[in-house]
Amino acid sequence: MRVNRKNWLTDPDNLLRAEGWARDGLTDEQIAKNIGISIRTLYDWKKSSPQFLQSLKRGKEVIDLEVENALHKRAMGYEYEEKTYENGKLVKVVKKQQPPDVTAQIFWLKNRNPEKWRDTKNIDVKGELTVSAMDKLKAAREKANGKT
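Heads up, the sequence shown is in this note's numbering, so the first residue is 21 and it goes up one at a time.
In case anyone wonders, no lab produced these hints; they're calculated from the structure.
One or more of the hints may lead you astray.
What the hints assert, rightly or not - No farther apart than 30 Å at their CA atoms in a straight line, the calculated lysine-lysine pairs in the DSS-like style are these:
{"id": "1", "residue 1": "LYS130", "residue 2": "LYS80"}
{"id": "2", "residue 1": "LYS53", "residue 2": "LYS77"}
{"id": "3", "residue 1": "LYS103", "residue 2": "LYS115"}
Claimed, not checked - Distance ranges between label pairs, derived from CB positions:
{"id": "4", "residue 1": "VAL23", "residue 2": "LYS77", "range": "20 to 26 Å"}
{"id": "5", "residue 1": "ALA159", "residue 2": "ASN89", "range": "57 to 63 Å"}
{"id": "6", "residue 1": "THR30", "residue 2": "HIS92", "range": "37 to 43 Å"}
{"id": "7", "residue 1": "GLN117", "residue 2": "ASN165", "range": "53 to 59 Å"}
{"id": "8", "residue 1": "THR30", "residue 2": "TYR105", "range": "49 to 55 Å"}
{"id": "9", "residue 1": "HIS92", "residue 2": "ASN27", "range": "31 to 37 Å"}
{"id": "10", "residue 1": "ASP84", "residue 2": "PRO120", "range": "18 to 24 Å"}
{"id": "11", "residue 1": "GLU86", "residue 2": "THR61", "range": "27 to 33 Å"}
{"id": "12", "residue 1": "LYS67", "residue 2": "ASN24", "range": "16 to 22 Å"}
{"id": "13", "residue 1": "GLY45", "residue 2": "SER152", "range": "29 to 35 Å"}
{"id": "14", "residue 1": "MET154", "residue 2": "THR47", "range": "35 to 41 Å"}
{"id": "15", "residue 1": "GLY45", "residue 2": "PRO134", "range": "19 to 25 Å"}
{"id": "16", "residue 1": "THR30", "residue 2": "SER58", "range": "18 to 24 Å"}
{"id": "17", "residue 1": "TYR63", "residue 2": "VAL87", "range": "44 to 50 Å"}
Note that CB positions come from ideal geometry on N, CA and C, so glycine has one too.
Go ahead and model the full structure; you've got the sequences and the hints to work with.
Okay, structure coming up:
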């Protein structure tokens, strides 16, 4: 069945549905499939319909904030209550501490400030290595290894 662009993009229920899919964490590809269009068409709709684009952005902002908050919580550590029930009755509540997660901290830092925290650094090296310099390096290496 061919989807009618105008009808789909002007129906508030459809825009709300698209926002919900984005909020649920669906990718653009999955949203396109749910609508019944190609990914290319979805990209065209995002360019030509500000309302559609805003619906998707609103949905993605919500889930992005939730994930960001969960990552922050895990990186910093948190307290929680562990409840024990017997025969449907609460019998014990224990406060527990979840320690900070180093992996979450590393991920947070690398993404918040990649210039400072990424694993690889780009270093510009200028100059040239001539054959004679290579020969000197080779000779020094051989001398160090006792192959003179």
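Each hint tested on the structure:
Distance check on the hinted pair: LYS130 and LYS80 sit about 22 Å apart at the alpha-carbon level, within 30 Å; holds. Between the alpha carbons of LYS53 and LYS77 the distance comes to roughly 18 Å, so the proposed pair stays at or under 30 Å and holds. Between LYS103 and LYS115 the alpha-carbon distance is near 9 Å, which keeps this suggested pair within the 30 Å criterion. Between VAL23 and LYS77 the Cβ separation comes to about 21 Å, which falls inside the hinted range of 20 to 26 Å.
For ALA159 and ASN89, the Cβ-Cβ distance of about 60 Å falls inside the hinted range of 57 to 63 Å, so the restraint holds. THR30 and HIS92 have their C-beta atoms about 39 Å apart, which keeps the hinted 37 to 43 Å range intact. For the pair GLN117 and ASN165, the beta carbons lie near 54 Å from each other, so the given range of 53 to 59 Å is met. Taking the beta carbon of each, THR30 and TYR105 are about 51 Å apart, inside 49 to 55 Å as hinted.
For HIS92 paired with ASN27, a C-beta distance near 41 Å fails the hint of 31 to 37 Å. Evaluation of the 18 to 24 Å hint for ASP84 and PRO120 yields a pass: the beta carbon distance comes to about 22 Å. A hinted range of 27 to 33 Å for the beta carbons of GLU86 and THR61 is consistent with their spacing of about 29 Å. Checked against the hint of 16 to 22 Å, the pair LYS67 and ASN24 passes, with Cβ atoms roughly 18 Å apart.
At roughly 60 Å, the beta carbons of GLY45 and SER152 sit outside the given window of 29 to 35 Å. A beta carbon spacing of about 50 Å between MET154 and THR47 contradicts the range 35 to 41 Å that was offered as a hint. Between GLY45 and PRO134, the C-beta spacing of about 24 Å keeps the proposed range 19 to 25 Å intact. A hinted range of 18 to 24 Å for the beta carbons of THR30 and SER58 is consistent with their spacing of about 20 Å.
At about 24 Å, the beta-carbon gap between TYR63 and VAL87 misses the expected band of 44 to 50 Å.
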